[in-house]
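There are 2 protein chains.
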Amino acid sequence: MYKRMITFMTVCLSLIYAEEGMWLMSQINDLDLSDKGFKITADSIYQTGKPGLYNAIVWLGGCSASFVSPDGLLLTNHHCAYAGLHRASALDSVDYIRDGFIAANQGEELPAPGQFAYVLTAIDDVTKDVLKAARYAGDLTEREKLMDKKCTQIVEETEADRDDIHCEVVKLFEGSEYRKYVFTKYQDVRIVYAPPAAIGKYGGDTDNWMWPRHTGDFTFLRVYQGPDGTAAKYAPENIPLSTPVWLKVAQQDLSDGDPAFIIGFPGTTTRYRTANDVEYTLHKHYIPMIKKYRDLLDIMDKVTLDDPESAIRLANLNAGINNVMKKYQGNVDGMLGTHFIENKRREEEEIERYVNADKKRFKRYGDIFEGMSELTGEREAFHASDEILDAFGYYSGILYYLADYAYEVARERAKPEADRDPDFSEKRIREFVEQLPNRYLGYVEAYDKAALTYTLEHARSAPAGFNYFQLPENPAAWVESAYRGTKLKDVAYMQRLFGMRASQIEELSDPLVRMAVSLYAPKFEKKERLRNWNARMNDLRMRYIELLRSYRGTPLYPDATGTIRFTYGTVKGYTPRDAVWYKPFTTLSGVIAKHTGEEPFNAPDALIAACRQGDTGNWTDPELGDVPSCFLMTGDITGGNSGSAVMNRNGELIGLAFDGNYEAMTSDWMFLEEIQRTIAVDIRYVLFITQKVAKAQWILDEMKIGL
Amino acid sequence: MYKRMITFMTVCLSLIYAEEGMWLMSQINDLDLSDKGFKITADSIYQTGKPGLYNAIVWLGGCSASFVSPDGLLLTNHHCAYAGLHRASALDSVDYIRDGFIAANQGEELPAPGQFAYVLTAIDDVTKDVLKAARYAGDLTEREKLMDKKCTQIVEETEADRDDIHCEVVKLFEGSEYRKYVFTKYQDVRIVYAPPAAIGKYGGDTDNWMWPRHTGDFTFLRVYQGPDGTAAKYAPENIPLSTPVWLKVAQQDLSDGDPAFIIGFPGTTTRYRTANDVEYTLHKHYIPMIKKYRDLLDIMDKVTLDDPESAIRLANLNAGINNVMKKYQGNVDGMLGTHFIENKRREEEEIERYVNADKKRFKRYGDIFEGMSELTGEREAFHASDEILDAFGYYSGILYYLADYAYEVARERAKPEADRDPDFSEKRIREFVEQLPNRYLGYVEAYDKAALTYTLEHARSAPAGFNYFQLPENPAAWVESAYRGTKLKDVAYMQRLFGMRASQIEELSDPLVRMAVSLYAPKFEKKERLRNWNARMNDLRMRYIELLRSYRGTPLYPDATGTIRFTYGTVKGYTPRDAVWYKPFTTLSGVIAKHTGEEPFNAPDALIAACRQGDTGNWTDPELGDVPSCFLMTGDITGGNSGSAVMNRNGELIGLAFDGNYEAMTSDWMFLEEIQRTIAVDIRYVLFITQKVAKAQWILDEMKIGL
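From first to last, the protein sequence lines stand for chains L and A.
FYI, the numbering for the first sequence is 234 to 940, going by my numbering.
FYI, the numbering for the second sequence is 234 to 940, going by my numbering.
Since the hints were derived computationally from the structure, they do not count as laboratory data.
Errors might be hidden in some of the hints.
When chains are identical, the list treats them as one kind, so a pair holds in a single copy or across two.
Below 30 Å or equal to it, Euclidean Cα-Cα: the simulated BS3-like pairs (lysine-lysine) are [to be verified]:
id, residue 1, residue 2
1, Lys760, Lys382
2, Lys269, Lys481
3, Lys517, Lys559
4, Lys365, Lys383
5, Lys760, Lys720
6, Lys816, Lys805
7, Lys481, Lys816
8, Lys559, Lys816
9, Lys481, Lys283
Model the full structure from these sequences, guided by the hints.
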């Protein structure tokens, strides 16, 4: 029943809430932190060209982390280290996800294949350069292309083909500003302590996105450098990275109402979109994709029944699909349950009146809503056939997906440098090919075949027809035969495929490759069409944000772009529904109360014993009379923030953000002051587990706990 | 997942909690009400032989109610009037349960067949009489028999064969005290206003026993008397009963923390039982019965699919089974989730130490635990075969159940007066036979057959064997043929059956009757064996309570016996699990938030409109800023209390108790101070619905609201 119970909330749209915002480092100074109860100053967090607290914050490529010792000890979420644990498990045939891993000492740490750590070295405003590059553009599409090209050029110049440098140039406010972020990319990251899934994933998919929460979602990693101080690939002789800026653990207990802030790398938000955009996403994307995800999970269940090894190999994909499916479902429930779209439309009507009330404004913004509406119509016209094309992709099995991608790489390489898609630089291709062996660790033939069969069956049943190539009459039989014939199961062959020219690939008889070749033309046509559509839409969206800034009269933060951001708030509970108050702290007793002995509520014996024996060290909170487990705060985060350090008024570590709450799952589209909360694992629980369950006092010593 | 999440609670057993207790009227004086914040005095509630507030409290035979106007207007729960509504619906072919019923004025009120109202006229202590009757008994069984006989004799003398007098003599503290309650039995009760199920049963079985709750569980009835002032059967010329003592609605808003009390007729509790008793009930009764109830509901679902008329006829049975099944499940979850039995055992060990510490105590109580343990063993030895015999009863279809009962009646009548079972007095038989037409309103042949088939199949598969008569090879075919041959579908024939002598019944060829006759001997033997067992067990239980009183050193209230009791407490929320606080009030907005348009969350348009338009009269609570819907308080109630008036410190009406909370469903066995709550519908919600949704201002006027 839960999904129907989302509380009806009257949503005020025309305000930036006090605690809303994923702010750029350069915006922290404008937030008046001392007024909000913080003792730490904006300058000590970030100042252009100077070291600051932000240097302790690390990007993991999709997740966030932070240094917690001077020797490269990195603290992040268990689910952020999941892929690395998963690959290490597949390599060693040891289930590190289920069992956890604890290094007896620094020398015994476990390599995490494919796990990189990106340490920020510079942030630059490159707006002028990018805009200048497009100043003579003939139309919007050309303008967009020129700017994209300029961004690629900046990246390439910065990276200078070096494996240890990673650069991102991101567009802010849909194109009115551009920022360049430069990172050192460390490729030797090792696992120090990952708790068993029964702690790190306690509650599993049942509790995912939920409060009250009792997940010990943390893992300690360590970043290594070459003996010469460079960001080398894994080698036994590598040494821990020296990290002069690292986070100290809070000296004082955390309480309800305390101020707190977060620095991390939020992935994507779409806070400045219109009701039309939301509606399109809801009906054309979220709802059909939930069905698809459910089908894929069913397929996976069948395949992994009685096959624990396949289950390990697919664990990462399974967790990912479950997570995104629940997120989509939460969006659907939230949008339908809170009259989300109607409320947005109501604000838009007010904004239109505001535009119409002034001639100058009307001249600059008068075309926006109509223009967007027209573009939405254009997109809808192609939706049915685009959707089928999209199905032949990431969820159609690894082999087909890679064949498809390899041919696209070959086609892009055949183009003159200037016409290439910016995502296909030689360096990005090289990085991708290098990671292929890691991808193959997630390959399970039975699942791969079933997923591709599912796609083909879907294409056959599509009402819009499918005429890009002759679909097999019997998809299952065709796939069976294709997998007998294909050479793509061999990762070395796949790596060679990524080196072939388009014409060479076209000559191959491999059935999966042939299908990829025949789908290239319609996919490319679709991509070009969308690029053109985006160019026109972005222009409207950019001016819409300008309009919003004028209408609201408050400073705006840019939508999340996977780059470093600051958000602040307070430790605080919420009301999920009538007559219910969620308190901001869960406890160790709550962990035990959920324990049933069966996954996902199977707390380890050592944890239960520590609790029963009262062996809880210094980690009991005096107000709770118990060890805190997780807590809630009002910060504004999204996916990508996972693993972010949560800090107290002094900038000391109090926890790790690892989730948002189900009731506010529409938060990528709109901040919901009353019900939106960040869920963090309390640092006291992290340290209790590390000290009393894993008995790894040496990690606490390295963090200078109690010293 | 909910059932696994019951919070682990350390239960302290050796205390009477401040707010524990279902007190006798004669015990109220000892409770020191003023100390607990009450302004009303014990004397104004109850004083022997004088009128008091308790005179406004009415027994409905399984439920409680109260007078709320001087003209016999009675307020109770919707679910208490359910059987009457159900029979009226079956008679009129109008679905009064779904649609509700509102009388335009007093003259148009709807007769509620089979609905009686019992108005208390006297309470007497008859302990001495009963004990005296058994003073020369040879053994415990004879003693029990003599006392039962004395009770029957008191009842018969008091009722003097009059239809308008109902008397109960109840055993308190397992036999150390006896009380006589005398009622006037009013047989003309009419429906004034029953809201539609979408209000009165809002949330249905999903929300049943749950908090937060939004059920408008109330119905207005009226008690009628003959024009001559006697308690006559229904007749158009009857007039409203004059009720000088009636409850006034609270003048002030109710708040969190306010004191409150309840007077009603709690049915049965077993608070002074041992761990062995609890364990037996858990494993031998609750767990197997839950399975059986689930099967019966499945059968009912199949039968009523596409047959709305059958659904109406079975609605009452369906609601009853659902309710008891959830109650049993709650007991199972609660007992397993809170280490209930282990905790009880721990207290018993302490009590044993207390007994052993003193020679005198040991002499009087030293045999109790061992004696009980032996008796439990005796009972277990017969359990398997008893359980099969029990299956041939109430849940085996109406026709078989009545045939079985009719033959038992005939056999009892054949005995000398002195040997008869006290439940089989001529008056009780007459009352039962009179109600047969009402029972037949719940008869649905397809369900009846399926239920009997289920019983026969169960008996065939019983591992213990079944040798009381030849079970049919193919139960379904046998039942099919039996129902073709039986005359019992005719209610007039059934009434005649209840008038036949045993020898006449034995000569009948009716297959259902023949089966009942062949099962009589083993059933009777079992009954006698249990009577003997109970006599011995009761002696131990009576002395165990004596021992508890001495051990605890606090006054005790007797277990509930379906007779009038007083309980008090405060308006207060609770913590159902880690990090969650349930607030004590739900609101009208919460009703709307749960609305999905689909049963059981299909709030009527008129209610939604009243809310949207802010047409909420004077019923908005200033603190909540909303109309309250339901509230929680810490009173100690159980089944039978449904419909009980909840009153404030002045003795004014603030709501109607209608449920307990799921987390405390083991409360019949033990009071749980931290989590046990009474769920009441707020009188302000009752009046809001009556005034603004039903538009029945005349009812409010009659209750002198705002006058």
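Honestly, which of those hints from before does the structure not fit?
-> No hint contradicted; all consistent.
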